[in-house]
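Residue numbers (this note's numbering), protein chains in the order written: chain A, 724 to 1072; chain B, 724 to 1072; chain C, 442 to 578; chain D, 442 to 578.
Treat the hints with care, as some may be off.
To give a feel for the contact side, a few chain A residues facing chain C, derived at Cβ under 10 Å [said to hold, decoys possible]:
no. : residue
1   : F785
2   : G792
3   : D827
4   : L902
5   : I905
6   : L921
7   : D922
8   : E933
9   : A934
10  : P937
11  : R1054
12  : V1061
Using 27 Å as the maximum straight-line C-alpha spacing, the simulated BS3-like pairs for lysine-lysine come out as follows [claimed, not checked]:
no. : chain 1 : residue 1 : chain 2 : residue 2
13  : C       : K482      : D       : K470
14  : D       : K470      : C       : K470
15  : D       : K482      : C       : K482
16  : B       : K877      : B       : K907
17  : D       : K482      : C       : K470
18  : D       : K470      : D       : K482
19  : A       : K877      : A       : K907
20  : C       : K482      : C       : K470
Just so you know, the hints here were simulated from the structure itself, not pulled from any lab data.
Ideal Cβ placement from N, Cα and C applies to all residues, glycine included.
These are the residues of each chain, in order.
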Amino acid sequence: MSGENSSDRSMTDRIADYLGTALGTTDLEMTGVERIAVGWSHETWLFDATWSAQGAQHQRGFCLRRDPGNALLRDLSNLREQYRVLQCLHGTAVPSPEPYFYEDDPAILGAPFLVMEKVPGECPSPWGREGRRFYQEAADRGVLPGDFTDTLVKLHTLDWRGAGLDFLGVPEPGTGFILREIAKWRHLIDQAVAEADLDPVLVDVLGWLEANAPSTDRFVLVHGAYRTGNLLIHDDHVSAVLDWETPCIGDPMYDVAYMLSELNREGTDLLSNLVEQDEFIRRYEAGTGLEIDVDVCDYYHVLYSMRSAAFWLSASNLFATGRNPDLRLARTAWSVPVVLDQAARRLGF
Amino acid sequence: MSGENSSDRSMTDRIADYLGTALGTTDLEMTGVERIAVGWSHETWLFDATWSAQGAQHQRGFCLRRDPGNALLRDLSNLREQYRVLQCLHGTAVPSPEPYFYEDDPAILGAPFLVMEKVPGECPSPWGREGRRFYQEAADRGVLPGDFTDTLVKLHTLDWRGAGLDFLGVPEPGTGFILREIAKWRHLIDQAVAEADLDPVLVDVLGWLEANAPSTDRFVLVHGAYRTGNLLIHDDHVSAVLDWETPCIGDPMYDVAYMLSELNREGTDLLSNLVEQDEFIRRYEAGTGLEIDVDVCDYYHVLYSMRSAAFWLSASNLFATGRNPDLRLARTAWSVPVVLDQAARRLGF
Amino acid sequence: MLPADELLARMSGLLRHEIGPAVSDPFPKTQAFMASVVLDKVAAGLRHGAAHAQANDADRRTLADDLRVATTAADPAPLRAAIDALPTPQGDGALASLVTALYAGRAELGPERFDTLLARVRQTLRARLDRQLEVAS
Amino acid sequence: MLPADELLARMSGLLRHEIGPAVSDPFPKTQAFMASVVLDKVAAGLRHGAAHAQANDADRRTLADDLRVATTAADPAPLRAAIDALPTPQGDGALASLVTALYAGRAELGPERFDTLLARVRQTLRARLDRQLEVAS
C-alpha cells in the first residue's frame, strides 16, 4: 500500500475513461478525487465530475466503491447485491445514494465496482475521540437522535416486497429467519477455521443459539448494522444509510437489539452515543407500531457475540492466508476470546 | 533518543560554559557543532571554537567524548585511561590527537568526558558501501597502504616505557600476557552471562586457549583493534590513530594477527581492504625488525573469536539489562554462535 | 540472552514510542502502532504458553474423570468417545467435539442430564477462556 | 490463527518493506530495520525451538551413554557428576560443566584420554552449534 500515489493516479485516469464512455462524453473532467481512509471494507473513492453531453454542461459528485477481493465479509456480501439493494431503495423513504453503474468486468478497473451518487454529509467514526465529540454535540442539540430513530422506523416500515427486496430471500415463519442467520455466520466461521480448531466456547454458543432460537414472523428490511459510523449525517439529519453489506428480510428486533447493545454505546448511557434508550423505545414503537421484545433482544445479543467472533475469525484469517497484509486484521485474533467471554457471561458461565 | 535535538542544544550550551571556564575566557563561541553518528561506543561531539584570552584571538577545533555509562566495553575501558594514553602518546611518532581536558565530575556534562584536538581527516566505516569504495580507491592510489603499515610500525617500535605507558601494566614473560588477556575478556563474559548459562563451545574455547597459550616475551604497545575504521585518514595518510579502548603492553603479533584476520578483509584479498598481505609482511618486518610468527597468529585468531563472543555477549546484555535500548545490541545475541563456529572450526570441529 | 517474550515486549515499546511516532504516512504509521499491539499479545502468549497448556491439560484430565463417573455405556457413543479423547495430547480439540456431542445428544440425554453435564463442561471452558483472556486483553 | 513464528516473520517483512522505508530520522529508521532482523531471528527460534530441544536432549542422552562406557569410578568426580547430569532436564547446562570438568581433569586423565573424551563431546557440541546456526544465520 506504500507507493500507492502512482497507482492512485492511474486509477483516477481509468475511472475517468470509464465514466466518460458510460456518460457518452469525451470531455469528462474529474476534480477533488479523494480516496477515503482505507477501512477493512471495499475501497471507496469520492470525486466530482464535469462533462458536456447533448449540448449541455453537467456537474455531479460521485462515489465509487471497488472490491479488490481482500475486503472483510467478502464472502457474505458483494457489490452486485449492494447495487441491487440501492436500486430497490431509490425513490423510497429510506435515505440512500442513487446507484448509477455496476461493472463486473475486472478489465475496466482491475476489480468489480459500483458507481453511485455522492450524497452530502459526513460519517465520523464513533470509535475515535473526534467522532465521539461529534455525536455527543449532535445529541446535545437534540435533532439528530430523533432522526436517527425515525430513519430506522423508515427502514422497518418500508414495503420491501413492493420495493423488490424479496430477492434477498424471505425466511419461513418460526425459526426460519434465525436459523438462516446462524447458518450464514457459521459459514463464515467454517471458511476461516478448520472444524478441529473450533473454540469449544464458540461451539457451545452455536449449539445454544440453535437450541434456543425464538420464533419470529414479523419480517421487515433489516439493515444488519444500524449504528453511527454507517450513516451519513448532514445538518443533523441522516442523509444516507450506508454499508449495505448485511441486509436481509427478517425480524426487526434484530436491528433493535443491535441498537440496544452495549457494544455501540461508546462508554456513554446513550445508544450509539446519541439516543436515550427510553426515548428511542417510545419513538420507535410509536413509529413502527411494533412492540420491542426484550427477551428476543437478549437472545440476539448472544447471536451478535457469535457474529462478532465470526467476523474477527474471518478478519484474522484474511491476514493469515496472506490475502490482506494489514496488521489490524492480525490483531483481531485476540478479539475472539473477548467476544466469546461476552457470550459466555450471557449464557451464565 | 528521539527528541534529542533539544537536549543536544542544552549539551552545546553546557560544553561552551565548561570550555570558557577551562580556557579562562568569557566570550567563547562554538560553531559547526556536530554529534557523530551514534555508534555503540562513547558519544562524540566535534566543533570549532573561537575565543579571546590574554589580548589575543584564538580559534581551534575540538573533539569531545562523553561516556553516558551505557556504551560497549564500558567495563574494560574508561575515558580517564584513554586520556592518559593520549597524554603519553602526545609528542611521540604515533599520530594521535592532543588531549586537553578530562573531567570525572558528572555535574558538568552529566557524565565523565574528555576534550581533545580535532585532527583533520575522515574515518569511513569499512563495513558500508561508501567506506569500501573509499579504501579501495586509496589502495589503488597506493600511498595509504604503506602509511597504514608504517603507522603500525611506529606503534610497535615506540619506547613505551619512555612514554610512560607502563601504567597499562607490564606482563610477565612467558604466558603472562596471554593469560591476562584471556582473563580480561573472560571477565567481560562473566559480567554478561551467569556461569550456568555459559555456552559449552565457549567453555571449550576458553579451556583450549588457556591450555595452549604460547610463550611471548617481546612486548610493545598493542592497540588492540588496529584496522580501518579506527584510523583518521587525511590526504592518503593516517592523521590519527583513534579508539584507544583496548590498548595494552603485549605481544606485537596480537595486532598483526588482527590485521591478518579474515574478519577485516571485507570480502577482498587485501588486509583491511587496503594492503596486500605479502607487502604488509615485508614492510612490517623491515620496519620493526620483528619476524611474523604464523603459529602464534593462528592462536590469536581463536582468541579473537573468543573476544568477539565476549563482545557480543556483553553487547546483548547491555540491551537485556535495559541499560541501552538500541536494538542493534539485541541483535548481537545471534552473532555469538557465528563467532563460536569460527573458533570451533579452527579447533577442528 | 533475553527470553523471547521479554524481547518482544521491548520491541513493542520501541515501536510505540520511537518508531511509530517517527512515521508520518498513515498506512505505515498505523501498521507500526498495530505491530506494537500484536507484539505485546504474542509476548503474553509466549510468557503464559507453557503454564496455560499445563493447566488446560490438568483441567481436561479432571473433566474426563468427572464425566466418566457421570456417564454410562448407554449414553451416546460420540459423547463417550469425546470424553475418552480429553486426556490425549489432542485433547484441546476434543473439548469442541465434546460440546458438539452434548448438543447432538441432547434429546437422548434429557434436559436435566444435559444441563448437568453441560454445566460441568462449562466450568472447564470458563477456566480455559480466562487463560485466553489473560493473553488477549 | 497464524502460528507465532509465521506472524513474526510477516511482521518482519512489514517492518522491512513498509514501516522502515517510511521513517526518515536515522535512529528510529535503524531501529525499524533492526526490529525486522530481530523478528526473523525470534521467528526462526520459535519455528525450530521444539525440534532443536528434542534433538539436543537425545544427543545428550547418547553422549551420557557413550561417556559412561568410556569412564570409570576412578575418573575425576566432577567429570562423573557432569556426565550423570546430562540426561536431566537441566542437561543443557551440564554440557558446560562437562567441558569445564574435562579441562580441569586434563592432567589426571592424561593427554590421550583427554583428547578422546573431548573429541566425543565435541561431536555433540558441533551438532548443537549447527542447530544454533540454523536460527542465527
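The hints, checked one at a time:
Checking F785/A against chain C by beta carbon gives a least distance of about 23 Å; that is not within 10 Å, so the hint is violated. Violation of the interface hint for G792/A is found here, the shortest Cβ-Cβ separation to chain C being roughly 18 Å, above the 10 Å cut-off. Given hint, D827/A at the interface with chain C, is violated; its Cβ is 28 Å from that chain's nearest Cβ, farther than 10 Å. Interface hint status for L902/A: violated, as the beta-carbon distance to the closest one in chain C is roughly 14 Å, over 10 Å.
Of the supplied interface hints, the one on I905/A is violated, with its beta-carbon coming no nearer than about 13 Å to a beta-carbon of chain C, more than 10 Å. Because the closest C-beta pair between L921/A and chain C is about 5 Å apart, less than 10 Å, the hint holds. Against a cut-off of 10 Å between C-beta atoms, the interface hint on D922/A holds, since the closest Cβ of chain C lies about 7 Å away. Proximity of E933/A to chain C holds as hinted, the smallest CB-CB distance being about 8 Å (cut-off 10 Å).
Among the interface hints, the one on A934/A holds; its C-beta lies about 7 Å from the nearest C-beta in chain C, closer than the 10 Å criterion. For P937/A, the interface hint is violated, the least distance from its beta-carbon to any beta-carbon of chain C being 18 Å, above 10 Å. Against a cut-off of 10 Å between C-beta atoms, the interface hint on R1054/A holds, since the closest Cβ of chain C lies about 5 Å away. For the restraint placing V1061/A at the interface with chain C, the shortest Cβ-Cβ distance is roughly 6 Å, inside the 10 Å limit, so the hint holds.
Distance restraint check for K482/C and K470/D: the Cα-Cα separation of roughly 24 Å lies within the 27 Å cut-off, and the hinted pair is therefore satisfied. Taking the CA atoms of K470/D and K470/C, the gap is about 13 Å. The hint holds against a cut of 27 Å. Distance hint between K482/D and K482/C is fulfilled; the C-alpha atoms sit about 18 Å from each other, no more than 27 Å. Of the supplied pair hints, the one linking K877/B and K907/B holds, its CA atoms being roughly 26 Å apart against a limit of 27 Å.
With a C-alpha separation of about 24 Å, the suggested pair K482/D and K470/C falls inside the 27 Å cut-off, and the hint holds. At roughly 19 Å between alpha-carbon atoms, K470/D and K482/D fall within 27 Å of each other, so this suggested pair holds. Taking the CA atoms of K877/A and K907/A, the gap is about 26 Å. The hint holds against a cut of 27 Å. Between the alpha carbons of K482/C and K470/C the distance comes to roughly 19 Å, so the proposed pair stays at or under 27 Å and holds.
Hint compliance for this structure: hints 1, 2, 3, 4, 5, 10 are not met, and every other hint is.
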